[in-house]
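Visitor: Each chain is listed here by its residues.
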Amino acid sequence: MRVIELWYAILAFTLIVYLMLDGRNFGVGAIQRAVAKTPAERRQLALALGPLWPWHEVWLVVLGGSLFVAFPRVLAVSFTGYYLALYLVLWSLILRGMALEVGGHVEQPLWQEFWDFVFAASSVLLAILFGAALGNIARGVPVGDSGQFQMPFFTNFRTRGQVGLLDWYTVSMAIFTLLALSAHGATYLTLKTEGPVCERSRRLAKKLWILFCPALAVVFAETWFVRPHLPYAIASRPLAIAAVLIAIAGAAAIFHGFRQDLSGFAFIGSWMLLAGLLVASAAAMFPTMLRSTLGDRNSLTAYNSAAGANGLKIAAIWWPVAVALSLGYSLYILRLFRGKVPADR
Amino acid sequence: MSDPAFWHRIQFAFTVIYHYLFPQLTMGLIGFIVFWKYKALRSGNPRYATAARFWTKIFGLNFAIGVVTGIPMEFQFGSNWAAFTRYSGEIIGQTLAMEGMFAFFLESAMIIALVFGEKRLSPKNHFLVSLGVAIGSWASAYFILTTNAFMQHPTGYAVGTDGLLHLQSFGQFLFNPWATVEFFHNQAASLVTGAFVVTSLGAFYMLGIRHHDQARLYLKYGAAVGLLASVLVAFPTGDRQAKMVARYQEVSLAAMEGRFQSGPEAELVLIGQPDVQNRKLDNPIIIPEALSFLAYGTFHGNVRGLGAFPQNVWPGNIELLYYSFHIMAGLGTVFIIVMGLAVLYLLLGRLESSRFLLWVLMLAFPFPYIANTAGWMTTELGRQPWLIYGLFRTEQGYSHAATPGSTIFTLIGFCGLYLVLGFLFFYLIEREIEEGPEDAGD
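Heads up: the protein sequence lines correspond to chains P and D, in order.
Under this note's numbering, residues 1 to 345 are what the first sequence spells out, in order.
Under this note's numbering, residues 346 to 787 are what the second sequence spells out, in order.
None of these hints come from the bench; they were simulated from the model.
Everything numeric in this text was worked out from a predicted model, so none of it was measured.
Any given hint could be a false lead.
[Stated by the list, open to error] Derived Cβ-Cβ restraints for the label pairs, each shown as a range: (1) 630(D) with 313(P): 53 to 59 Å; (2) 505(D) with 145(P): 21 to 27 Å; (3) 5(P) with 514(D): 21 to 27 Å; (4) 642(D) with 327(P): 47 to 53 Å; (5) 264(P) with 757(D): 45 to 51 Å; (6) 155(P) with 616(D): 54 to 60 Å.
[Stated by the list, open to error] No more than 35 Å apart at the CA atoms, straight line, and that leaves these computed lysine-lysine pairs for DSBU-like: (7) 340(P) with 464(D); (8) 588(D) with 565(D); (9) 464(D) with 37(P); (10) 469(D) with 340(P).
[What the hints assert, rightly or not] Only some residues are given here: those of chain P computed to face chain D with a beta carbon under 7 Å: (11) 55; (12) 87; (13) 315.
We put the beta carbon where it would ideally sit given N, CA and C, even for glycine.
The whole structure should be built from the sequences, with the hints applied where relevant.
Guide: Structure below.
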C-alpha cells in the first residue's frame, strides 16, 4: 500500500526535522560553558537561540501525534517499553523550557546562574537521551512473542538478546550524537552571534567537526557489526545513496564555509550533513520501525503496525496543508527577528 | 491500591488537572487582550494598550507553564494507555495530531510576535497577531474536546475485523454533536476564569489605591464579561450539556444526582450526601420535579435511577462524581449572583466605593478554577467505567508492560516537579502584580 510508505516518510521527515531544529538548541546548551564565559555572554546565547524554540518543540508534539494516527501500535509498544527513559526526556524538556522561559525574567545574578546551569545540564541530558534512543532504534529492542517489551536501563554490555537501554553501542551513539549536535550548535552560533562568543564558537566548531570525522567512521563500523543489514541497505537503495551524497556535499560546505568565513554556508552544510545521514538511515531501515533483538518475526514494521487505510488517507490530506501553514508562520517570525544578537545588550 | 489501573488513572488525572489550570486562564484572557487591542486601535487611548500589554505578560507566564505541562499529556497516551492507543489511535490520533499541527504551530509562532513584537510591528499587525494567538488557543481546545467527545459519545467509527477502531466518517467524527456542546460550555467556562482573574486584580488595585485607571478598566470589563460568561455557562451551554448526558449517558446522570430510584417528576437535589451502600441520599434538600424538566423539558419526564441499571455499568466513584457535579453547579450559580451584583453596582456607579463587594471580587478568583476542575471531574468520572463510552472499558486500556512500580515512580516525579513549577509560577506572578501595569492615564 502506497499510503503506508508515504506515512513512513512523513514520520521520518518529522523526526529528522525535530532532531535538527531542537538538536541545534541542545547543542548550544551543551557547549554553553565552553563558549560563554560571563553571565552577559550566556544571556546572549539564550537570545541567540531565537524566539522560535517553542515552535521547535511543537515538532516533537507533531511527531507524537503523527505516530499516534499512523502507527498507533509503534507508539503503544515503544513508549511503554521505553517508559522511564521517556519520562526522563519529558522532565528534561520541562526543565529546559522553564530555564529558557524564566531565566531572563529576573535581573538577579544567582537566579540567572541557576537557570543557565539548568539549561546546560538539561540540554546535555537531552542530547544523550535522544542519541541513545537513535542507538536503540538501530540496534533493536527486545520485543517478545507477546508483541511488547519492557526494557531496563541496563542488562549487560552485549547488543543481542535481552538488551537494555544502554550498552556499548547505544552509549557510543549517545556520545556521537552529543558531539554532532554540539558541532551543529557551535556552527549556528557563528552565524547568529557577534563578538567573543562568535569567535570561541568558530574555534570550537572547527575542532568538533574535525573530531566528527573519525567518530562517524567508528559509529559506522559499530553499526556494521551490530546490524550488518543497514550498511548494505544504504549502498543498495537509491534514496539512501542520494542522502549520503547530500551529506558529503554538506561536509564540503562546512569545510568551505569555515575556510572562507561564510557562517551561513557552514550552517547549511551542517544541516545537509546531519539530515543526510539521518535520511540515509531511515531509508535503509524501511520498513522496519522497531526491530526485535529476539527474532525478526517480532519486529514492528510499517506494514504490520499501520492504522487503517481510510484514516491514513484522510490524515495524509490535512497533514501537508498544516505543515505548509506552519512554515509560513515560522518564516514570518524569523523575518521579524532576523539579524545577529550583539555581544553587549 | 494494588490495582495498576488505579495508578495510571491517578497519574493522568493529576497531570491533566494541573495542566488545565493554565490553559483555562489563557483561553479566557486572550479574549480580553484581543478586545483591548481592538479598542486601542480604534480609539487610540493608551489605557487600552497598557491593559493589553500588562495582561500579555500574565498570559505569557501562564502560557509557558501550560506548554511545558502539556507536552507530557500526549506522550502519556502511549506510555500509560498503550492498549487504548492501539485500539483507537486511527481515530483519536487524528485530532491529537491536528491540535499540534493546526493550533500549536500557529499559537507558538504568534505568541512570540505578541510578546516581543510590539515595537517591530504596526499596531494593526500586532492586533492581528493577538487574534492569531486567540484562534490558535481556541482551535486547540476544539481538537482536544473533539477527542474527549469521541470518548464520551463515539461517532464516525467502525469496528474492524482486527478488533480495532477504524475511521468511517471523518465529518461525523470531527463534528460530533457532543463536541459542539462541550466546546461552547468549556470555552464559556474559561472566559469565566479569565473574567474573575481580571476583576480580582482590578479589585486588588482598587482596594490598595494603586493603578486606579487600570483598575477601573479591569473591574468594568471583568464584571461585564464575567456576568455574560457565567450566564452562558449555565444557559444555554450547560443546559444542553445536561440534556446530552440525559440522552446518551443516563446512568451517569443518575449518579451525578445521587438518584437511586426511577420515576417521573424527578426532584433536583441541591444538597445531600449519597449513601451508595444503602442506596439512598442523606439530608437532602430538593426542588420537586426540576430534574425531569432540566433533563427532558417536561415536569413528567421519567428519570431512571441507578437501580434501573446493572451495577457493572455504574460509574466507579459515585460519591466523588456526585460532589463534583454539585460543586460545579453550585459555584456556577454563585458566579451569576456575584457578577450580577458587580454589574448592578457598576451601573449605579457605586462599585468603586463598595469595599465589601470589592473584597468579595478580589477573593473570588480561585473559585472558577475549582468549578472548572469539578466540571471536568464530572465529565470524566461520569464516563466511567468506560474509556470510550459503550465500547471500551477503562480497565482494558492501560499499559500492562508498565508496572505500578514504574507508574508510582513517575507520579512522584511529577508531584515534585510540578510543586516546584507552582512555587516558581506564584513567585513570578507576584512580581508582575507588584510591578503592575505602567500607568498611562493616571
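Visitor: Next step is simple, just say for each hint if it's right about the structure.
Guide: Tested hints:
1. The given range of 53 to 59 Å is respected by residue 630(D) and residue 313(P), whose C-beta atoms sit roughly 56 Å from each other.
2. At about 23 Å, the CB distance of residue 505(D) to residue 145(P) agrees with the hint of 21 to 27 Å.
3. As the Cβ distance of residue 5(P) to residue 514(D) is approximately 25 Å, the hint placing it in 21 to 27 Å holds.
4. Our hint of 47 to 53 Å for residue 642(D) and residue 327(P) holds, since their Cβ atoms are close to 50 Å apart.
5. A hinted range of 45 to 51 Å holds for the C-beta pair residue 264(P) and residue 757(D), which are about 47 Å apart.
6. Between residue 155(P) and residue 616(D) the CB atoms are about 58 Å apart, so this pair conforms to the stated range of 54 to 60 Å.
7. At roughly 18 Å between alpha-carbon atoms, residue 340(P) and residue 464(D) fall within 35 Å of each other, so this suggested pair holds.
8. Between residue 588(D) and residue 565(D) the CA atoms are separated by roughly 34 Å; this keeps the pair inside 35 Å, and the hint holds.
9. For the hint linking residue 464(D) to residue 37(P), the alpha-carbon distance of about 31 Å falls within 35 Å, and the restraint holds.
10. Taking the CA atoms of residue 469(D) and residue 340(P), the gap is near 27 Å; set against the 35 Å cutoff, the hint holds.
11. For the restraint placing residue 55(P) at the interface with chain D, the shortest Cβ-Cβ distance is roughly 5 Å, inside the 7 Å limit, so the hint holds.
12. Interface hint status for residue 87(P): upheld, as the beta-carbon distance to the closest one in chain D is roughly 5 Å, under 7 Å.
13. Checking residue 315(P) against chain D by beta carbon gives a least distance of about 6 Å; that is within 7 Å, so the hint holds.
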